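Work out the full structure, taking the sequences as your base and the hints as a guide.
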Amino acid sequence: MSTAKTKRPELVYAALLSEDHEAVLTALDRIEVDGDARAIRPLLTTLVGTKNTEVRKRITGLLNTLKATNAVGELLLALDEPKFKTERSTVVSAFWNAGLDVREHLDVFVGIALEGSAEECFECLTVIENQEIWPEKAVRRSTGLLKKAVPLETDSYKAAMLKDLLKVLEFRLGPEGA
Numbered sequence: 001m002s003t004a005k006t007k008r009p010e011l012v013y014a015a016l017l018s019e020d021h022e023a024v025l026t027a028l029d030r031i032e033v034d035g036d037a038r039a040i041r042p043l044l045t046t047l048v049g050t051k052n053t054e055v056r057k058r059i060t061g062l063l064n065t066l067k068a069t070n071a072v073g074e075l076l077l078a079l080d081e082p083k084f085k086t087e088r089s090t091v092v093s094a095f096w097n098a099g100l101d102v103r104e105h106l107d108v109f110v111g112i113a114l115e116g117s118a119e120e121c122f123e124c125l126t127v128i129e130n131q132e133i134w135p136e137k138a139v140r141r142s143t144g145l146l147k148k149a150v151p152l153e154t155d156s157y158k159a160a161m162l163k164d165l166l167k168v169l170e171f172r173l174g175p176e177g178a
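Numbers 1 to 178, taken from the working numbering, label the letters of the sequence shown in order.
Hints are computed from structural coordinates only; laboratory data are not their basis. Keep in mind the model is a prediction, meaning the values are calculated, not measured. It is possible that some hints are incorrect.
Cross-link-like lysine-lysine pairs, in silico, DSS-like; alpha carbons within 25 Å at most [stated by the list, open to error]: (1) Lys163 - Lys137; (2) Lys51 - Lys83; (3) Lys85 - Lys67; (4) Lys137 - Lys167; (5) Lys85 - Lys158; (6) Lys147 - Lys167; (7) Lys148 - Lys167; (8) Lys147 - Lys158; (9) Lys137 - Lys147; (10) Lys137 - Lys148; (11) Lys148 - Lys163; (12) Lys83 - Lys57; (13) Lys85 - Lys51; (14) Lys148 - Lys158; (15) Lys67 - Lys83; (16) Lys85 - Lys57; (17) Lys67 - Lys57; (18) Lys147 - Lys163.
Written out as structure tokens, the structure reads:
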């Protein structure tokens with residue numbers, strides 16, 4: 001691979017940090033055509049740093065239509081990065097909007113639902129509802145955590161969502177498993 005070819009994505013990612021919104025939108029056009037999972041963190045960095053509605057909308061749209069190999073891994077890593085915490089609900093919603101398979105990561109979504117905001121809890125509930133298959137052991141572990149946490153939740157709206165999440169997971173276990 002030529003040096004020019006390998007530097008091209010980095011130049012596009014650098015353009016995302018520009019103060020010129022047209023340059024950012026041009027970079028987003030390029031990422032939409034040629035982007036891969038490496039674009040996720042630069043996109044999130046720009047999302048965190050901009051208030052421009054058009055740029056935010058375009059980035060959210062790109063995240064919600066991800067089909068790149070290793071997108072799940074990159075998004076999961078982004079969930080752990082403190083600098084992206086303000087956009088955590090956007091990252092979580094990208095999993096279900098893009099139809100990504102997260103069956104091995106139930107613990108991540110239940111953890112965010114328990115520890116995060118009501119908005120993050122809602123997004124996690126949506127991911128969990130829309131994932132067709134969850135490993136039984138993970139479901140059992142998660143239902144145990146939820147049963148302990150629901151009575152302790154002080155936000156009534158979030159508590160209701162946690163109860164819904166518990167019901168969704170208990171349904172997955174069936175009548176004998178719950």
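Does Lys67 pair with Lys57 here, judged by a C-alpha cut-off of 25 Å? holds, 18 Å
Given pair status - Lys148, Lys137, alpha carbons within 25 Å: At roughly 17 Å apart (the allowed maximum being 25 Å), Lys148 and Lys137 satisfy the hint.
Can the restraint linking Lys67 and Lys83 be considered satisfied, given a maximum Cα separation of 25 Å? holds, 24 Å
Please work out if Lys85 and Lys67 have their alpha carbons no farther apart than 25 Å. holds, 23 Å
When you check the alpha-carbon spacing of Lys147 and Lys158, does it fall within 25 Å? Status holds; Cα separation ~14 Å.
Lys85 and Lys51 were given as a pair; does the straight-line alpha-carbon distance stay at or below 25 Å? holds, 16 Å
Taking only the CA atoms, is the gap from Lys85 to Lys57 under or equal to 25 Å? The given pair, whose Cα atoms are some 18 Å apart, holds under the 25 Å limit.
Against the 25 Å threshold, does the CA-CA distance of Lys85 and Lys158 hold or violate the hint? holds, 18 Å
Between Lys51 and Lys83, is the straight-line Cα distance small enough, at 25 Å or below? Judged against 25 Å, a Cα distance of about 16 Å means the pair holds.
Lys83 and Lys57 were given as a pair; does the straight-line alpha-carbon distance stay at or below 25 Å? Roughly 19 Å separates the two Cα atoms, so the pair holds.
Between Lys137 and Lys147, is the straight-line Cα distance small enough, at 25 Å or below? With a Cα-Cα distance of about 16 Å, the restraint between Lys137 and Lys147 holds, given a limit of 25 Å.
Hey, Lys148 versus Lys163, does the alpha-carbon distance stay inside 25 Å? holds, 11 Å
When the structure is compared with the earlier hints, no violation turns up for any of them.
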